[in-house]
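Asker: Based on the provided sequences and hints, a complete structural model is requested.
2 protein chains.
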Amino acid sequence: MSDQPVQPPEQVAEGEQKSKKQLQREKKEAEKAQKKKEHQQEQKQQEQIVQEEDNCVGRYGDLNLIQSQERTNRKWTKVGDVDQTLVNQVILVRARIHNSRVKGKLAFLVLRENYNTIQVVAEKGEFASAQMLKFMSGIPVESVVDIEALVKQPFKEILSCTQKVELEVRSIRVVSRSLPMLPFQIEDASRRITDFEDGIQEQKQEEPQQKQEEVQQKQDKNEKQQIQVMLKTRLDNRVIDLRTPAKQAIFRVQSGIGLLFREFLVENGFIEIHTPKLIGGTSEGGTNVFKLKYFNQDACLAQSPQLYKQMCLMADYDRVFEVAPVFRAENSNTHRHQCEFISMDIEMVIKEHFTELLDLMGDLCIYMFKGIEKRYQKEIEIISQQFPFEPFKIPEPVLKLTFEEGVKMLHEAGVNQDPHDDLDTVNEKTLGKLVREKYGTDFYILHRYPKKARPFYTMPCHDDPNYTLSYDFFMRGEEIVSGAQRVHDPELLVKQIKEKGIAVEPLKDYIDSFRYGAYPHGGCAFGLERVAFLYFNLKNIRNACMFPRDPVRLFP
Amino acid sequence: MSDQPVQPPEQVAEGEQKSKKQLQREKKEAEKAQKKKEHQQEQKQQEQIVQEEDNCVGRYGDLNLIQSQERTNRKWTKVGDVDQTLVNQVILVRARIHNSRVKGKLAFLVLRENYNTIQVVAEKGEFASAQMLKFMSGIPVESVVDIEALVKQPFKEILSCTQKVELEVRSIRVVSRSLPMLPFQIEDASRRITDFEDGIQEQKQEEPQQKQEEVQQKQDKNEKQQIQVMLKTRLDNRVIDLRTPAKQAIFRVQSGIGLLFREFLVENGFIEIHTPKLIGGTSEGGTNVFKLKYFNQDACLAQSPQLYKQMCLMADYDRVFEVAPVFRAENSNTHRHQCEFISMDIEMVIKEHFTELLDLMGDLCIYMFKGIEKRYQKEIEIISQQFPFEPFKIPEPVLKLTFEEGVKMLHEAGVNQDPHDDLDTVNEKTLGKLVREKYGTDFYILHRYPKKARPFYTMPCHDDPNYTLSYDFFMRGEEIVSGAQRVHDPELLVKQIKEKGIAVEPLKDYIDSFRYGAYPHGGCAFGLERVAFLYFNLKNIRNACMFPRDPVRLFP
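Protein chains in written order, with UniProt numbering: chain A, 1 to 556; chain B, 1 to 556.
A portion of the hints provided could be inaccurate.
Put simply, identical chains are the same to the list, so a pair is met inside one copy or across any two.
Stated by the list, open to error - Subject to a maximum C-alpha distance of 27 Å in a straight line, what follows is the list of computed BS3-like cross-link-like pairs (lysine-lysine):
no.: 1; residue 1: 408; residue 2: 429
no.: 2; residue 1: 351; residue 2: 78
no.: 3; residue 1: 27; residue 2: 152
no.: 4; residue 1: 508; residue 2: 451
no.: 5; residue 1: 152; residue 2: 370
no.: 6; residue 1: 508; residue 2: 124
None of these hints come from the bench; they were simulated from the model. Please read all numbers here as calculations on a predicted model, not as lab measurements.
Answerer: So this is what it looks like as structure tokens:
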């Protein structure tokens with residue numbers, strides 16, 4: 001990477017002696033002289049080039065702005081599809097220049113498309129004039145180019161690219177030039193994430209706008225200097241950061257998680273619904289809502305589709321799901337909170353028992369996890385190069401513990417936990433570790449949560465009103481699913497709303513929906529970003545969201 | 001429907017004579033006497049029933065609140081699955097009582113589950129005591145019941161139910177009772193929609209809160225009195241209205257439209273993305289945005305994912321789609337405007353020409369329309385009973401006209417149309433009619449819109465800067481898709497933003513995303529509700545949205 005705009009400054013130890021400084025000065029002067037000499041040589045070369053006849057005229061240059069002038073129906077090949085089967089064929093590729101190196105009569109480019117890379121060579125001769133090589137050397141990295149090239153078997157194995165064949169240039173045309181200075185280099189942003197980097201350390205809530213150093217140095221285990229790109233820099237320049245191979249893979253898998261979720265549910269008789277995000281009143285009566293003016297009414301943004309998906313069930317759509325954004329005005333700057341995220345919601349009628357729901361949701365999780373593993377091997381490999389993670393352990397059948405059993409495990413390990421209150425994040429993580437040690441699983445279900453920990457619409461247990469027919473699913477010690485049987489009796493519902501100190505009147509439409517014959521039912525919600533974040537151990541939920549929203553971030 | 005709470009008032013012509021009034025008074029008195037007599041008879045019967053021995057004890061009654069007390073693993077059969085193959089078997093069904101009629105020793109119920117109905121009979125004897133029949137007669141319609149029953153071949157064909165077999169009751173237990181008075185009857189809300197009803201007539205913007213009559217009478221062609229349920233009443237009591245067969249079918253098909261859309265795109269290499277709905281600045285720089293406070297920043301709700309989906313492409317996700325809500329603070333009270341709706345967005349790189357996109361989108365539409373027809377025959381049949389519509393004509397290949405050709409057709413028909421300005425709704429409809437007459441199609445593409453009619457990010461035509469590489473798809477004369485090739489050159493983009501008088505600064509992140517190598521690209525957006533609304537000719541977009549949002553409606 002000879003063209004890195006941001007060079008790591010040389011390290012200068014404190015308290016060094018004058019002689020050392022002098023030595024450095026001399027070194028710098030020598031470098032200067034060397035550079036001058038090189039520059040002169042280069043100028044001479046340039047003059048030579050201009051004088052030489054160009055046998056490649058028309059085979060390189062900048063294309064006009066593509067504006068649907070013509071449709072040639074030529075075939076473009078994807079970088080990821082260029083392999084041994086195409087050797088000796090001339091193909092056409094449109095991709096970015098990932099990096100380039102021109103040395104004398106040889107030019108080496110690496111092209112990148114999505115997370116795939118391929119080496120391109122040009123040697124001065126029949127297919128590349130000196131002028132063409134010069135042109136190639138002047139194309140900034142990240143520019144988009146059309147290259148016609150012969151696919152060749154390389155003399156020695158190419159380790160630095162995903163594709164194991166190389167391309168010998170026939171023509172090169174620039175579709176769109178990048179600015180020569182990038183906010184950061186793709187390569188720096190693609191390095192293996194270590195504990196040093198953001199994600200582990202939470203942003204300090206007290207100084208949210210605090211300017212962070214954009215580029216930091218560190219010594220890695222091999223004592224090589226490496227540039228680390230900070231999370232803030234990545235998010236400020238998200239479009240560049242999303243080009244890194246791991247991000248390319250993460251969001252492909254995330255699309256797949258949505259597909260797997262839908263496949264399973266549609267197969268099991270669910271329909272997809274769309275409920276409003278603009279809500280009159282105060283959503284579920286909670287705090288932490290974003291408020292706004294809706295013409296001349298007061299409105300807020302839905303914190304979840306909870307009330308609406310239940311109303312859909314009362315309207316005889318007996319199994320529904322929704323994948324949609326939800327909004328939480330929670331002023332939490334942590335590695336796992338977002339003010340807007342994608343909630344994958346499910347609601348279904350049950351005949352007798354909330355385990356009908358629980359069992360199906362367990363099966364759904366297994367289906368999704370196995371599906372990821374099966375369909376996205378390549379992406380998993382790529383992600384793990386930047387975000388190392390231990391394979392996800394899920395013994396079947398899925399482990400189910402009651403909340404009381406969980407509390408007992410914590411107590412036995414000497415951890416304080418009120419049996420009638422919710423687990424906090426620390427205790428959740430601790431319990432996750434205890435469960436992994438005892439049962440060898442990264443995924444388990446905790447059910448029968450205390451009443452205090454759950455919302456008003458949760459059905460109490462028939463045998464103990466202090467507990468509820470509710471559950472959370474845990475992945476690597478963090479919650480990914482929260483669900484329960486709901487109250488379908490309007491009188492009990494009103495009683496529980498009042499007990500929580502919530503106003504009944506704004507919930508009238510919702511409560512009334514249970515007055516005209518109500519089916520027993522239950523449901524749950526998955527956080528889409530959380531599934532990817534925890535499955536791949538991405539350290540920070542922002543790594544699983546293209547354009548995250550937190551209390552300080554609203555751009556891009 | 002002897003138990004209708006809302007009876008059409010008897011018609012009394014104005015200016016009638018006293019003798020007529022007297023006649024009426026006498027009639028009423030006679031009715032009173034008759035009722036008294038019936039009541040006495042009933043009381044007598046009741047006394048008899050109490051005295052009789054009950055041979056059905058334990059086979060009817062109200063169930064306790066279902067609270068996951070036990071899981072029996074009994075098998076429930078869906079109403080829609082009860083057919084000839086089950087004759088002579090005893091099955092268990094959970095469904096609503098659609099209507100009930102008890103006459104002497106016979107009780108007839110109709111059960112309804114989703115849009116399926118089945119007749120249930122009980123005759124006094126071995127399987128039904130007088131007490132049980134009395135209990136059955138007291139269950140309000142819309143209550144949810146568990147019924148065990150023998151499946152029987154009826155003596156004569158049942159015309160009024162979807163299922164052609166009948167059930168002979170063995171046991172009946174109430175899961176959840178409805179209030180006896182419904183806001184309106186399901187049957188009234190299920191009647192065939194005529195021009196009389198809402199949908200054709202637009203709400204008057206000047207008097208949005210105007211109280212509408214809740215129930216109206218009219219004479220239909222057969223001179224029978226019919227109750228029509230007004231749109232406002234339906235929307236105020238949406239959960240009841242959504243139980244009608246047509247609505248049950250519409251939202252099942254709508255779920256399917258989303259599936260078909262995804263299937264086609266995933267098959268063609270697209271991934272699903274999720275972009276933020278909370279946006280800094282002013283979305284696309286337009287008016288009509290909902291504004292809100294985001295902690296201490298100014299934010300607005302996304303009018304479309306336009307800028308973000310393009311940024312995803314610049315981040316090397318080369319084919320993306322999103323299905324998500326968008327928000328428009330447009331004070332329009334028409335049959336086709338919504339303030340929140342589901343936008344099905346697509347964006348993809350193109351190599352040379354926007355017809356690459358156009359052809360694929362044409363194929364996508366064909367795939368969706370044919371898929372609806374193939375997979376939802378039953379639902380189409382049910383919907384057409386309430387919303388009659390002409391079958392949708394789509395000859396292949398899809399007809400493409402340029403905007404100039406469209407203008408010419410309008411001019412030839414004597415219609416005024418500025419060739420450099422957008423079509424208004426009336427001219428869109430007129431052109432739709434002209435196209436249907438000339439080409440016999442309900443679906444066509446109009447492309448090369450004038451520059452004035454399109455947003456700043458639209459690529460101008462290379463051969464005429466007054467026109468753009470843009471298009472709309474029309475269904476029955478109304479737009480369902482709008483799309484274009486986009487500008488991928490940052491300088492041209494800035495120029496066009498300024499030309500439209502929009503501030504450049506808030507769009508900085510977006511514009512910058514094209515500065516580091518940009519792929520030529522284009523895209524489009526479908527309105528999900530519009531597809532269903534126009535395909536089925538539902539007259540009002542609110543019939544294609546579960547919980548619609550318009551300038552006056554924020555509840556439920």
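Asker: Hint compliance check: list the failing hint numbers for this structure, sorted ascending.
Answerer: 3, 5 and 6
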